[in-house]
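Two chains, two frames, a set of hints: combine them into the complex.
Note that the protein sequences, when read in sequence, are chains A and B.
When we follow the working numbering, the leftmost residue of the first sequence carries the number 70, and every step to the right adds one.
When we follow the working numbering, the leftmost residue of the second sequence carries the number 7, and every step to the right adds one.
Some clues are possibly wrong.
Cut-off 27 Å, straight-line C-alpha distance, at most; resulting in silico cross-link-like pairs (DSS-like, lysine-lysine) [stated by the list, open to error]: (1) 58/B to 226/A; (2) 97/A to 58/B; (3) 325/B to 280/B; (4) 22/B to 114/A; (5) 325/B to 76/A; (6) 226/A to 59/B; (7) 34/B to 97/A; (8) 76/A to 226/A; (9) 226/A to 65/B; (10) 294/B to 191/B; (11) 174/B to 34/B; (12) 77/B to 97/A; (13) 80/B to 239/B; (14) 226/A to 34/B; (15) 22/B to 226/A.
Simulated DEER-style distance windows between Cβ atoms [to be verified]: (16) 229/A to 291/B: 52 to 62 Å; (17) 70/A to 247/B: 47 to 57 Å; (18) 238/B to 119/A: 51 to 61 Å; (19) 30/B to 231/A: 29 to 39 Å; (20) 256/B to 206/A: 25 to 35 Å.
Hints are computed from structural coordinates only; laboratory data are not their basis.
The model shown is predicted, which means the values in this text are computed figures rather than measured ones.
Yeah, the Cβ is synthetic: ideal placement off N, Cα and C, and Gly gets one too.
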Amino acid sequence: MEGNVFKYGANVDTDVIIPARYCTSFHKEELAPHCLEDLDATFAKRVQPSDIIVAGRNFGCGSSRENAPLAILGAGVGAVVAESFARIFYRNSINVGLPILECPEAAQAAQNGDRLAIDLEKGVIRNLTRGGQYTAVPFPESIRRIMEIGGLEEYVKHRLMTNDK
Amino acid sequence: MPQTIAQKILSRHAGKESVQNGELIFAKVDMVLGTDVTVPLSVEVFRRMGAKKVFDPAKIALVNDHFIPAKDLKAAQLSQIMRQFAQEMDAPHFFEVGRSGICHVLLPDEGLVKPGDLVVGADSHTCTYGALGAFSTGIGSTDMACAWALGELWFRVPSTIKVEVTGKLPKWVGGKDIALYVIGKLGVEGALYKALEFTGDTIRNLPMDGRFTLCNLAIEAGAKTGLVASDDKTAAFMAQFPQLKWDPVFSDPEAAYSEEYTFDVSDLQPQVAKPYLPSNAVPVGDLKGVKVDQVVLGSCTNGHLSDFQLAAEAMRGRKVHPHTRLVVIPSSHKVMLELLDSGLARTFTEAGAVIGPPTCGPCIGGHMGILAQNEVGLYTTNRNFVGRNGHPSSQVYLAGPAVAGATAVAGEISSP
Ligand code: SF4
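Bound-form chain B, shown alone (with noise of 0.2 Å):
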């Protein structure tokens, strides 16, 4: 029976021939992801279900991102309980502050990640991993305890959306605008139980970082996961970890899809998803003239190098507006210390923008930048529900760094 990449990554994971969309199986997990905010109630329910050991440390990844450094005092408890996890556990692969990142960006850098692995994380934008070619997926507390003790957890496999995207991108239009572009199509709930397969020219010649991007909005379509297949650009990225063997797998031609849509991206225009949700995105000019409290540059959407130096090309030198907030949050330490020695963490501080250290922090509204009653902000984040990013009052509007760093310097939405 010809399959989708979904249904051969999870049948392989099952021990299976082939497995039919709608089915329940468990299956075999390659890597299991937690974060300061999901592991101690993991842990708590490890214990009381009689678990002393994980199935592999190797395949567990504990990473400090979300509340780090220590925002207060029970953030500090948070991350306690999972160094003395990982420490018990004798789990090689817990990030502490300062040497960490935000999971989604630390994970494939750190080569935790394989094209057809099956990765699952106690956090919902695991997703990003399917730029990998990976399937990969957001699950809770309780599912990340279980996968731990037993190292497979129930699964119902989905059928698959094809995306096909065509047509050269436009400067100034990326991953991003790609991601809100489709979310805007399919709407918040258009992928629901299902998996998104990405194809097409545009994704083939979408550099990773864009398609780390892509893929880790596919859950804000309410997709199981995004997907990629994997190709010379993945290859390359592999190629980074000489001692990791890796199987690639592709859909059949003949699989069969639930549904498939085309959109040609030739004349996109730099997209802003107006708040309360990331379904809501119009042309960046639909935007001009509404003012801006504070911009926000990375999360695990928006935070590798190549973002940053987007926004700061569309920035042209120019300084932070006066009324207007600038943080910069780098994803990683490696992108800090990539900020450092690209010179762009001096260009940042140079235009009157503030440079946090590697964390959640604002995305989650956690800390390091919230926003205040009635405030307006334009994140490149990837979600803008109400409350989301702090006082409910508050509205947060996302985009691309471009349409970012032209914000930050002209105070109101800006087009690159």
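Okay, chain A solo, but in the shape it has when bound (with noise of 0.2 Å):
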């Protein structure tokens, strides 16, 4: 995956990710217009499918909204890298299928509209404007196994069709 950085800083909250206004909607297609509004406004008019929003510590702070994550996806982000993330935003993003990586030193040095690909398979994150090449915090072994099953809605889905509840 390839895209260019919409860099931001520390404590990004959800708040601002998607404002409790728009939270009437939990559809990703609905929340998408106004993903980041009060950060920065132009955001999602700017953003291109599979561009990458770059923040620094505790993103996604705030609400347990499952619309923050949402809101992103819909609006095509294809990832986000930061220096670190809240929990139940790190869990929702998992569950929905954001991918995301944890990464200080990729999330430090990449500035606005620097283009990376990242390879979320390996946690590889290659800055091709400055050229640093990075390795994500991987995900712990059975946080892997929800992924791998295609989340946790499919990982639900298997047990009750086993019956294996």
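So, in structure tokens, the structure goes:
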């Protein structure tokens, strides 16, 4: 996956990712036009499919709203690279299939408009503009198993079908 | 192996002798909370999973609180999806408008959480019930659908930070001030992926309401949950529900903590968190003279009768300042009745405040008091992020009810 960087700072919270006033919807197509609206009013208009959000520490802090990763997915973002993620956002992203990569070095080095190439399988991030290569913190084994099955939804479906409650 | 409260509760619910920090487990849950904002998406995911029935209808709570009474058509439809789901699942703990309240005040008051329980909720402030010695944490909507379908969910076992609070609290200083002070010291991500366990003589002397407030704010330091070990105050609270059996859980004396802090609060001034982070705490004295357009009293953080009593005491019979609005939101139907019975409803109304129905409303910038461009608010809620309470240029200061009452009558940030 390759895309251009939209770079933001630390503590990007769920209220700026998708303000509560739009959370009367939970469909990503309806949320997407308002993604990051209160932080960067032009983001939703400028973002192209597979572009990459790069941010500082504690990305996604605040509310449990799954509308946040859904809004980012809906906007077409290919992945989020951050120094660290808030925990409910981390869970939600895994559960809805938004690729997230925790990688302080890559996040600090990348600047607005840089081009990144990401190998999600290996967790390798290459900065094509600046030439650096970085490896994200790998997911714990058991989370990878949930992801390999296709996310939590598929996991539950599988267990219900095999009657393995 | 010596274990913390968090490790013990998680291992019991995972059917294991013990668990290691960082270990990923599937554990059985005792209660699954959803609200009008998070339930509709879960219902959709639940159906896509092919699930027909929830694991135990008595172990799910469905609470109308965020956008109710329905603020617009879309909010009405969200509520409707939840109402229909409750009927279909025959769920006894569905709370209808007029008999409901903000989930985190409602669940303990309804006896739906016990010490030692494992509780999950599709709302980030689910950590509130740690005040009862339950392991209780926020999840997303897909997580909730999974918990409904299977009665269990994945957890990563957190390490625990021990926060010892010591000293006699000065007048006007309470759970909110301790919380803002501690978050100020730890930072908004100081407890990321970890549990916060509060101990010390100050916590032992802190009434249940103050403990709920304290644990409610654990997430604002990034924590997975806040915890207070059960004691006589917990037992007195649980005595309201003689039919419930519960088994308190304590950390072993030799349990390993990832960090330990001690804070002496004997000289603590009331705290105020400046925009736009709950960790921007400063003593109220530093902000004297900041003009305030709107004060909001309420939310799951400071929505108990004792909070309203303290605010009224700080107002000292004076009227709300002519340039300021005071919005009072009782946190539940029960608290509304307490405001009526105690005469506080009249006190606030005569002072020039408006009393709204029990709802999250202004706390989430939903309705019942949104801030306009460049307006300044002082709220007893728990978040002051950009745009949280209205226009992105508006600014919110967070404080406890005593500062809120004093500020409402002074028209500027004031010490009680
Ligand atoms: S009162 Fe505010 S913080 Fe509490 S549940 Fe409602 S929206 Fe969330």
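Verification of the supplied hints:
1. 58/B to 226/A: holds (11 Å)
2. 97/A to 58/B: holds (25 Å)
3. 325/B to 280/B: Distance ~25 Å between residue 325/B and residue 280/B Cα, so the pair holds.
4. 22/B to 114/A: Violated, at about 51 Å.
5. 325/B to 76/A: violated (48 Å)
6. 226/A to 59/B: Roughly 13 Å separates the two Cα atoms, so the pair holds.
7. 34/B to 97/A: violated (30 Å)
8. 76/A to 226/A: Answer violated: residue 76/A to residue 226/A is near 37 Å, above 27 Å.
9. 226/A to 65/B: holds (21 Å)
10. 294/B to 191/B: holds (22 Å)
11. 174/B to 34/B: This hinted pair is violated, its Cα atoms lying about 39 Å apart.
12. 77/B to 97/A: Answer holds: residue 77/B to residue 97/A is near 22 Å, not above 27 Å.
13. 80/B to 239/B: Distance ~42 Å between residue 80/B and residue 239/B Cα, so the pair is violated.
14. 226/A to 34/B: holds (18 Å)
15. 22/B to 226/A: OK: residue 22/B and residue 226/A at ~25 Å, within 27 Å.
16. 229/A to 291/B: 52 to 62 Å: Given a distance of about 58 Å, which is inside 52 to 62 Å, the answer is holds.
17. 70/A to 247/B: 47 to 57 Å: holds (53 Å)
18. 238/B to 119/A: 51 to 61 Å: holds (58 Å)
19. 30/B to 231/A: 29 to 39 Å: violated (21 Å)
20. 256/B to 206/A: 25 to 35 Å: Taking Cβ atoms as reference, residue 256/B and residue 206/A lie about 33 Å apart, which means the hint holds.
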